[in-house]
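**Q** Spelled out from the first residue to the last, the chains are:
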Amino acid sequence: MKTSRWWTVAGLVIVAYSLFPLVWMLSLSMKPPSDIVSGEPQFLPTTWTFDNFTEVFSQSLFTRALINSIGIALIATLFAVVVAMFAAYAIARLDFRGKRLLLSLALGIAMFPQAALVGPLFNMWRGLGIYDTWLGLIIPYLTFALPLSIWTMSAFFRQIPWEMEQAAQVDGATAWQAFRKVIVPLAAPGVFTTAILTFFFCWNDFLFAISLTSTDAARTVPAALAFFQGASQFESPVPYIMAAAVVVTIPVVILVLAFQRRIVAGLTSGAVKG
Amino acid sequence: MAEITMKNIVKKYGDGFPAVNDVSLDVADGEFMILVGPSGCGKSTLLRMIVGLEDITSGDMVIGGTRVNDKAPRDRNLSMVFQNYALYPHLSVFENIAFPLRLRGGLPEEEIRKRVQEAAETLELTEHLDRKPANLSGGQRQRVAMGRAIVRQADAFLFDEPLSNLDAKLRGQMRMEILRLQRRLGITTVYVTHDQTEAMTLGDRVAVLRRGILQQVASPRELYEQPVNLFVAGFIGSPPMNMVPASVEGDELKMPFTSVPMRDEWPAAIGDRTVLIAGIRPGSFEEASMVDSDKVDQGVTFDVSVDVTEWLGNEQYAFVPYDAPEDITATLAELQTELDSEQTRTQMIVAVDPMSRVKDSATLWLDSSRIHLFDPESGENLTRVESSDS
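So the protein sequences, as listed, match chains A and B. Be aware that the first sequence starts at 1, since it is given in the working numbering, and climbs by one per residue. Be aware that the second sequence starts at 1001, since it is given in the working numbering, and climbs by one per residue.
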């Protein structure tokens, strides 16, 4: 009993420690801008206000960035999941030469330091004319999201018994029908988990977003946050930035809370089975 | 409706190991054929080659007069019940059974509904049609798998150890169900099992495989009474046939516990061999006191010591230990390993009358006409009589 109480205390400390920045963010986003520069800093706002949120949504800098974020993350996720689904199926089911090499290469790409790629990509994208476009961000996102998606999904596919598919073939299905009518529905939880993980990756990225964009055309929210300014030169932009940050954090938090079980399943199955 | 003909079928895996080696087998139209053997004998591989899930290395697979070696499973029009049933967990029982019909396309919804209903009625699944496989019991899942097999008019049914996941009681019931269904539909059936009770009760004919090689194809009765070699003799029958070292001494066949006068037909069969293995079914013994007096002369009577007895209500077995020479014991031990059994001591199993109170010792009578003599080297049954009943 005694040990279990200590575990609870330790757990609470850790939760408090990791939640503190979030709470602070929330508190800042509710403060009137005058609080920040008042010279009497305090944790809670003097008056609770939602004005920061309305202000943020009235700025095209933010709304445009939000559209970019949603669009780019969704498109990248969709492509990554579809491509990874076929790749993972092939890896789980077929025996072909160089399978191991391919898998290790994919893992190698996932491990590649992103910062090292930003410079060359900047130059290449300008040369190719896709600098500061959606496509210019979707491509690197795909590159880094695919390996992880393939690994996670092939672990899911491996869990589906072979007989399922063979039964479908004996029942008269073509390979494609067996895949579509039996394998895909069964792998749906895996596909879904992979989709969520990929979406997070694209949604949260800052490095590529800040380096490969220059205008509203493709700038996503994490990058756009840096460009917020106060209502006047004498006002701090911090409450607006925090309000925007809260807005982009909410979808992530909701998704995680709603699907935490599946996300954990996806992470562990990817980790253990590989 | 179709007959299945296998000609010199060989299956070699990547490492060159022949899992199925030169098997030729004819399954007649409407026949119930059993493939049986210990694990790893190639019986499942053979079945999967019939259905098209394994490639055939060489040989011809002919179904209904067409060579199907290069045909995909879906073009062979066979239906199969898998060992783990392979039901589609995301579909209801109805949709599981309707699956093969929907794939076919072109069938009106009404027709599909009618056929699924028929299949469900046959298998008493009507009230479960809306449930998911996960909510069914083992026996019900098994029936759904069979429903999926019978719903379309397939040329043949293939079963891959369909009852091995069920408990003993249910297994007995489902065995009868399968038999009844097959008799009623009259469809060619190939059934893989390692359970010899299933093999004996279900099959019109039984094919015994060992290490990918076909040993004997015969009716269950012939397999039991006239096994072609030591392997088949040891595999078929429960409790198994007793394998006893025997030697020819003059005009007597000497066994550890008794000697039997040589029968007239034996010298020709044995040739100049002096060391043999005698195979005696537990039921070939009787307690001497129970034998009719006019039968006694056909066999020999002798005393043995009894180790333990097993009383099962309707039958009783006595275990009789004996000493055996080393070299033959080694051959027998090897055979035992192959048959997946572990007999640690040399002993005989003798069926005695269930009413008998045998203890410690018994006087037994053995009908010498029911002794099989095997060559210890090749395992061949030297006294086999070709029967005409198959």
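Simulated from the structure, these hints should not be mistaken for laboratory data. The structure presented is a predicted model; accordingly, all values stated were derived computationally and were not measured. Note that beta-carbon positions come from the ideal geometry of N, C-alpha and C, so glycine has one too. There may be inaccurate statements among the hints.
[Unchecked claim] Computed Cβ-Cβ distance ranges for the label pairs, DEER-style: (1) Asp1015(B) <-> Phe96(A): 17 to 25 Å; (2) Ile1213(B) <-> Phe96(A): 27 to 35 Å; (3) Leu74(A) <-> Arg1102(B): 55 to 63 Å; (4) Arg1067(B) <-> Arg100(A): 33 to 41 Å; (5) Ile14(A) <-> Lys1132(B): 13 to 21 Å; (6) Gly1186(B) <-> Phe96(A): 25 to 33 Å; (7) Arg100(A) <-> Gln1336(B): 38 to 46 Å; (8) Lys1132(B) <-> Leu128(A): 34 to 42 Å; (9) Asp1130(B) <-> Gln159(A): 41 to 49 Å; (10) Lys1132(B) <-> Gln159(A): 56 to 64 Å.
**Q** None of the hints should be skipped; say for each whether it holds.
**A** Hints and how they fare:
1. Asp1015(B) <-> Phe96(A): 17 to 25 Å: Holds, at about 19 Å.
2. Ile1213(B) <-> Phe96(A): 27 to 35 Å: 33 Å, holds
3. Leu74(A) <-> Arg1102(B): 55 to 63 Å: Taking Cβ atoms as reference, Leu74(A) and Arg1102(B) lie about 33 Å apart, which means the hint is violated.
4. Arg1067(B) <-> Arg100(A): 33 to 41 Å: 37 Å, holds
5. Ile14(A) <-> Lys1132(B): 13 to 21 Å: 40 Å, violated
6. Gly1186(B) <-> Phe96(A): 25 to 33 Å: Distance hint for Gly1186(B), Phe96(A) is violated at roughly 44 Å.
7. Arg100(A) <-> Gln1336(B): 38 to 46 Å: Since Arg100(A) and Gln1336(B) have Cβ atoms about 42 Å apart, the given range 38 to 46 Å holds.
8. Lys1132(B) <-> Leu128(A): 34 to 42 Å: 51 Å, violated
9. Asp1130(B) <-> Gln159(A): 41 to 49 Å: 27 Å, violated
10. Lys1132(B) <-> Gln159(A): 56 to 64 Å: 18 Å, violated
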